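Using the sequences and the hints, build the whole thing.
Here is what each chain is made of, one letter per residue.
Number of protein chains: 6
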Amino acid sequence: MSEKLRILWINPVGTERDDHNIRNILNSIKRPDVEVDVTHLRRGPVHLEYHFYEHIVLDEVLRLIRKAEQNEYDAVVIGCFYDPGLREARELVKIPIVALAETCMHVAATLGHKFSVIVGRKKSIPKMEDNVYLYGLEKKLASFRSIDFTVIKMATERKELEEVIYQQSEKAIKKDGAEVIVLGCAVASGFAEALMSRLKVPVVDPVMVSFKYAELLADLYVKIGLSHSKVYGYEPPPKEEGWLADPPMG
Amino acid sequence: MSEKLRILWINPVGTERDDHNIRNILNSIKRPDVEVDVTHLRRGPVHLEYHFYEHIVLDEVLRLIRKAEQNEYDAVVIGCFYDPGLREARELVKIPIVALAETCMHVAATLGHKFSVIVGRKKSIPKMEDNVYLYGLEKKLASFRSIDFTVIKMATERKELEEVIYQQSEKAIKKDGAEVIVLGCAVASGFAEALMSRLKVPVVDPVMVSFKYAELLADLYVKIGLSHSKVYGYEPPPKEEGWLADPPMG
Amino acid sequence: MSEKLRILWINPVGTERDDHNIRNILNSIKRPDVEVDVTHLRRGPVHLEYHFYEHIVLDEVLRLIRKAEQNEYDAVVIGCFYDPGLREARELVKIPIVALAETCMHVAATLGHKFSVIVGRKKSIPKMEDNVYLYGLEKKLASFRSIDFTVIKMATERKELEEVIYQQSEKAIKKDGAEVIVLGCAVASGFAEALMSRLKVPVVDPVMVSFKYAELLADLYVKIGLSHSKVYGYEPPPKEEGWLADPPMG
Amino acid sequence: MSEKLRILWINPVGTERDDHNIRNILNSIKRPDVEVDVTHLRRGPVHLEYHFYEHIVLDEVLRLIRKAEQNEYDAVVIGCFYDPGLREARELVKIPIVALAETCMHVAATLGHKFSVIVGRKKSIPKMEDNVYLYGLEKKLASFRSIDFTVIKMATERKELEEVIYQQSEKAIKKDGAEVIVLGCAVASGFAEALMSRLKVPVVDPVMVSFKYAELLADLYVKIGLSHSKVYGYEPPPKEEGWLADPPMG
Amino acid sequence: MSEKLRILWINPVGTERDDHNIRNILNSIKRPDVEVDVTHLRRGPVHLEYHFYEHIVLDEVLRLIRKAEQNEYDAVVIGCFYDPGLREARELVKIPIVALAETCMHVAATLGHKFSVIVGRKKSIPKMEDNVYLYGLEKKLASFRSIDFTVIKMATERKELEEVIYQQSEKAIKKDGAEVIVLGCAVASGFAEALMSRLKVPVVDPVMVSFKYAELLADLYVKIGLSHSKVYGYEPPPKEEGWLADPPMG
Amino acid sequence: MSEKLRILWINPVGTERDDHNIRNILNSIKRPDVEVDVTHLRRGPVHLEYHFYEHIVLDEVLRLIRKAEQNEYDAVVIGCFYDPGLREARELVKIPIVALAETCMHVAATLGHKFSVIVGRKKSIPKMEDNVYLYGLEKKLASFRSIDFTVIKMATERKELEEVIYQQSEKAIKKDGAEVIVLGCAVASGFAEALMSRLKVPVVDPVMVSFKYAELLADLYVKIGLSHSKVYGYEPPPKEEGWLADPPMG
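Chains as they are written, first to last, in our numbering: chain A, 76 to 325; chain B, 76 to 325; chain C, 76 to 325; chain D, 76 to 325; chain E, 76 to 325; chain F, 76 to 325.
Don't read these hints as lab results, they were simulated from the structure. Relax, there's no trap hidden among the hints.
For identical chains, the list gives no copy identity; a pair is met inside one copy or between any two copies.
Below 20 Å or equal to it, Euclidean Cα-Cα: the simulated SDA-like pairs (lysine to any residue) are:
1) K314 / E144
2) K305 / S218
3) K202 / T185
4) K105 / E268
5) K305 / E268
6) K298 / A269
7) K314 / I227
8) K198 / L319
Every value quoted in this text rests on a predicted model; they were computed, and no experiment measured them.
Here's what the structure looks like:
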């Protein structure tokens with residue numbers, strides 16, 4: 076136990092754009108006894124606004140996750156608020172797999188009566204609302220509110236981004252009864268403290284909170300072996316069928 | 076309108092095993108003015124019991140669906156009760172995409188107070204139950220009941236298969252209050268009439284019912300242009316981003 | 076199977092007002108191998124905006140349905156979005172009974188994340204919302220929106236009708252997040268194509284969609300005997316009690 | 076206010092079979108300042124186990140209710156656990172209309188964490204469970220349990236009836252976690268005290284509890300005018316349309 | 076049974092402020108055969124807007140309730156719309172314990188499709204909404220609407236109070252679809268009749284309705300022994316553990 | 076930030092019985108940079124099986140929590156699976172307050188499709204199930220299962236305790252479809268690893284998991300000021316009303 080916990084953060088996009096920022100955020104909040112690596116994909120879209128994009132990045136994401144387990148990482152975070160591949164990843168490996176929306180919404184549920192999620196575009200709401208149902212949290216959801224920003228715009232117009240998040244958050248609090256704000260995109264990370272001091276309610280930064288949750292699970296995994304269940308839903312495919320070693324897509 | 080409606084049925088597995096049987100079933104129940112093609116994948120697992128397998132077949136399934144739209148099919152059925160790739164497919168094309176579980180459970184909901192789904196193994200229940208939530212039908216679900224058969228076993232031990240489905244269905248009716256039985260696997264198709272005469276309740280054959288539903292949607296698509304929505308959730312990725320033409324995995 | 080499927084459409088009102096229009100719509104979208112008859116009641120209100128009116132037309136509706144079964148129709152549609160008498164009708168006969176709201180809302184649920192229902196007056200919402208609960212679809216409902224038109228006004232001011240439906244539909248899409256629009260009254264039929272080209276989302280025409288669903292069920296009923304369950308909820312009254320032959324009200 | 080509150084109890088069946096027993100029960104528990112009349116139908120089935128029977132008795136039930144209002148009754152109880160005609164009756168009159176299931180299940184909800192309903196036959200469960208949904212009480216329902224007795228059998232084999240109710244109630248408490256038992260049929264009235272002393276949990280007698288609730292509403296109606304809402308759902312049909320005076324069924 | 080039913084109304088605050096008003100209201104609507112006592116606490120906050128205040132008054136409230144049982148009261152009403160101590164009180168005594176929110180919302184549910192609750196401040200909504208969930212009534216709730224009045228302001232600015240309740244109620248009816256209004260604070264009692272004549276919908280006065288419900292339960296308790304369940308959730312602490320006689324707080 | 080995080084664990088009972096065991100468990104799993112103090116009450120029941128007992132210990136629990144904030148603890152855990160006083164405590168202080176059931180059930184929800192909670196006696200289920208509703212997690216709950224052990228028996232018959240937990244857990248997995256087991260009492264802590272190796276599913280130890288969650292929140296509280304919301308539900312009572320300094324109970 077004198078060794079450090081090792082966590083891998085995957086930005087599931089084909090660009091290094093976010094790595095530097097996220098690495099800084101993680102280093103600013105990680106435990107002293109934790110080591111984090113941030114990585115991105117060799118090739119793929121620079122955002123995951125479309126479900127087809129989630130699909131096409133999943134090959135490499137799953138390959139990275141399986142390799143992470145072999146390389147003895149103690150947990151992996153899939154750094155997108157759509158939680159792409161969560162079910163498939165947990166089927167394939169034993170180490171804890173942490174997803175942003177699942178984690179942040181459960182934590183938000185413990186911080187107040189109801190939370191609102193601020194999302195980039197209305198396009199995202201149907202799948203994200205489906206995830207709220209699947210995670211069992213619809214009763215804790217005050218609302219989704221869209222800022223009408225693409226991921227690209229979020230990544231480049233940072234000042235405007237903070238302002239529109241503030242405006243929609245205020246509406247969520249005043250009109251929808253939200254007591255907690257969840258920022259629904261990894262690219263929206265970095266404003267939590269500033270927003271909290273303006274809004275006077277807790278703001279769940281998806282990068283910070285999901286990473287701390289990864290630390291929690293990595294720690295319990297190393298110390299007592301706790302991780303996601305492997306019966307029923309996450310039962311892994313048998314090696315002898317061969318598809319783990321040689322999936323059809325190359 | 077004098078032309079026939081053309082529907083493509085995809086068996087999303089790397090085997091021709093089921094094609095013959097399903098083609099026969101479809102020909103026995105299709106409308107006279109409908110033409111159906113049954114196809115399978117060039118390469119892939121021979122069953123989709125694992126979520127990872129669903130993932131690895133999706134590339135070819137989506138390619139077949141996009142090609143079907145170019146080739147002027149009027150609807151496509153994805154022939155697996157997990158409904159793999161439904162969200163992604165509807166994002167990519169305009170023609171109606173029909174999925175087995177979604178269709179059969181909605182139809183079952185119109186045939187009685189509650190339905191039970193007979194599944195191969197307990198492994199399937201978590202994702203299928205999640206689908207019940209997403210389709211909004213939990214109130215109409217009496218139960219899932221597992222017959223403890225792999226897909227392979229279902230495909231080969233047909234006589235035993237019919238018997239265990241009968242037994243679990245009877246329990247679903249007597250103990251769980253089911254008024255309707257849904258067979259939760261395309262490979263379990265072919266027994267509906269026999270089971271109905273023994274059980275005295277409607278039995279939803281996933282191949283028959285989903286195909287008739289595909290006829291319904293194909294017809295309305297051709298006649299008045301009705302298909303799934305393309306705003307919000309199914310908004311398609313823009314061509315100019317290039318990933319439609321050249322996805323990273325192949 | 077060389078014979079045509081025969082479907083009866085009942086306008087459950089004491090007026091021939093809607094028969095011509097609905098007959099035209101049905102003939103424009105029916106399968107070539109289907110024969111449809113449209114009928115109305117000998118005596119009764121000219122609309123069913125009140126639950127008492129639903130009650131007083133039910134005698135004749137049920138008599139027509141029982142006669143339809145004797146006359147070997149393969150399915151009957153009860154042409155009102157309140158779905159009056161659905162439970163009673165299914166108790167009395169074996170042939171498929173199709174109701175507008177049940178059918179259209181289940182189909183709408185397969186076309187997008189959430190649907191909104193455009194209704195004539197707020198008066199209708201409580202019972203229709205109750206039906207959404209009973210059909211198990213509340214999670215798929217974005218909203219009800221009232222156009223504040225009586226049925227009479229709907230039947231006569233057609234141009235204004237289309238316009239107010241358009242306006243409320245647009246609000247449902249923009250404000251309530253609807254991806255699909257359902258027209259909540261048989262008298263509102265006939266605008267689906269025009270509305271779809273303006274709204275850019277699927278519009279479920281209650282006459283067209285319920286009729287295609289009746290074709291689907293009639294077909295499966297004739298081919299494999301599938302219809303609603305007759306155990307538990309729809310168990311029929313025993314003949315020997317005499318009330319089927321001689322009910323007290325006439 | 077020195078006058079007595081007047082309540083009408085309708086046994087919605089074509090037999091005087093239950094009148095005597097129910098009159099006795101009501102007299103044993105009514106307030107001293109309340110006057111109760113018990114009546115039955117001139118013609119109709121002797122039980123309402125079928126939805127068609129509910130329909131065919133409704134004409135006379137509604138006529139009795141409208142006449143009760145004219146005759147200045149302060150409330151009416153419709154004495155059947157299916158709550159037939161509740162929506163229609165409240166549309167037609169202003170005086171409080173009390174239904175057995177609605178009342179007993181709401182009261183049961185205030186007496187413990189969850190209640191179970193003991194019903195005659197499984198036939199009843201679908202509609203009664205639908206009513207649980209409509210009344211918004213599914214979270215308080217532990218289970219339905221059937222004693223497999225027809226109404227006729229309940230009315231004649233009283234000793235056996237009490238025993239099977241006891242047995243199913245005990246199972247409901249032990250296995251389903253019920254803290255309260257609701258007797259789901261007016262004909263099962265009269266055993267509450269005996270059952271309570273054996274079961275050691277509250278037993279909601281449908282006749283007693285619904286009648287006391289009718290007293291409550293009658294009292295508030297007379298004193299401050301409180302009754303069911305007349306906006307939206309219960310908005311009454313306009314007299315000038317003529318159907319109130321002359322409904323089509325004779 | 077010739078004796079009067081005796082009911083205790085507890086204003087769970089350390090002020091006699093409301094006693095006179097509530098006593099008047101109760102005397103104006105109580106049954107002739109009922110006797111009511113109104114009491115308040117010796118020491119405590121003059122309102123319960125904070126959960127901590129609910130906690131600190133509970134000692135004396137529970138002591139009063141236990142003494143009421145010893146003094147042969149037939150029911151007790153805890154006169155606050157937060158329903159403080161309901162679970163604890165029912166654990167300690169056998170006589171019926173009536174709470175305002177539980178009672179008024181169940182009664183409101185029997186008066187229309189949906190009700191709205193008018194509350195003093197948004198502060199109250201989370202706990203009150205939690206109570207709606209616990210009572211199983213979320214489907215019947217149209218909305219909470221806040222008038223932004225403290226309890227103190229409610230108690231002193233009566234004219235303004237009536238006006239803002241009217242305004243928010245009207246919005247609840249027009250915008251939220253409420254068919255019934257529930258006044259969510261004992262201090263807001265006294266306006267029901269005036270509001271009903273302006274709003275044209277039933278208005279549930281929390282003092283009147285909960286007291287009539289207490290009469291109902293007291294009556295059934297005295298006549299047949301019906302009260303809340305004492306198995307599972309309300310199982311009482313054993314005397315021999317000593318804490319009933321000598322709780323740690325003095 | 077070089078200082079240690081300081082967490083207070085309160086055993087809300089009037090006995091030191093559990094302190095030693097829990098201190099050992101916490102020391103075995105805590106982060107190296109965390110300091111934990113374990114305390115119990117000066118006077119109070121030795122278990123909290125009754126809601127009245129929860130009430131009577133709350134004075135001292137809340138006093139300890141307020142003092143903990145003054146003494147600059149960074150988080151407090153209330154060590155009972157009923158989560159007593161959570162709402163009141165969060166109203167009074169700003170530092171994170173961690174409760175066992177809330178935390179463990181949210182974490183369990185991220186480890187599998189559904190979890191079962193093993194409780195001491197059926198007495199506990201109603202309130203705990205209410206908490207499942209309030210936390211919004213009913214969809215993730217497979218079942219509660221009782222081992223029929225009092226807390227005293229749990230504390231003394233440790234070998235039998237482990238065995239009955241194992242047996243009920245196995246039933247929860249096999250019969251109820253649980254993928255994760257939650258131990259529903261702090262006194263049941265200490266068996267998680269042994270049970271995991273026998274059951275082959277994740278077992279959530281309430282002491283371990285809630286404490287790791289307290290570390291997570293304490294860390295984020297110190298680093299970025301994240302804690303529960305102070306608007307609406309947890310808005311604190313104003314000092315000037317005086318009750319914080321001088322509550323009525325002594």
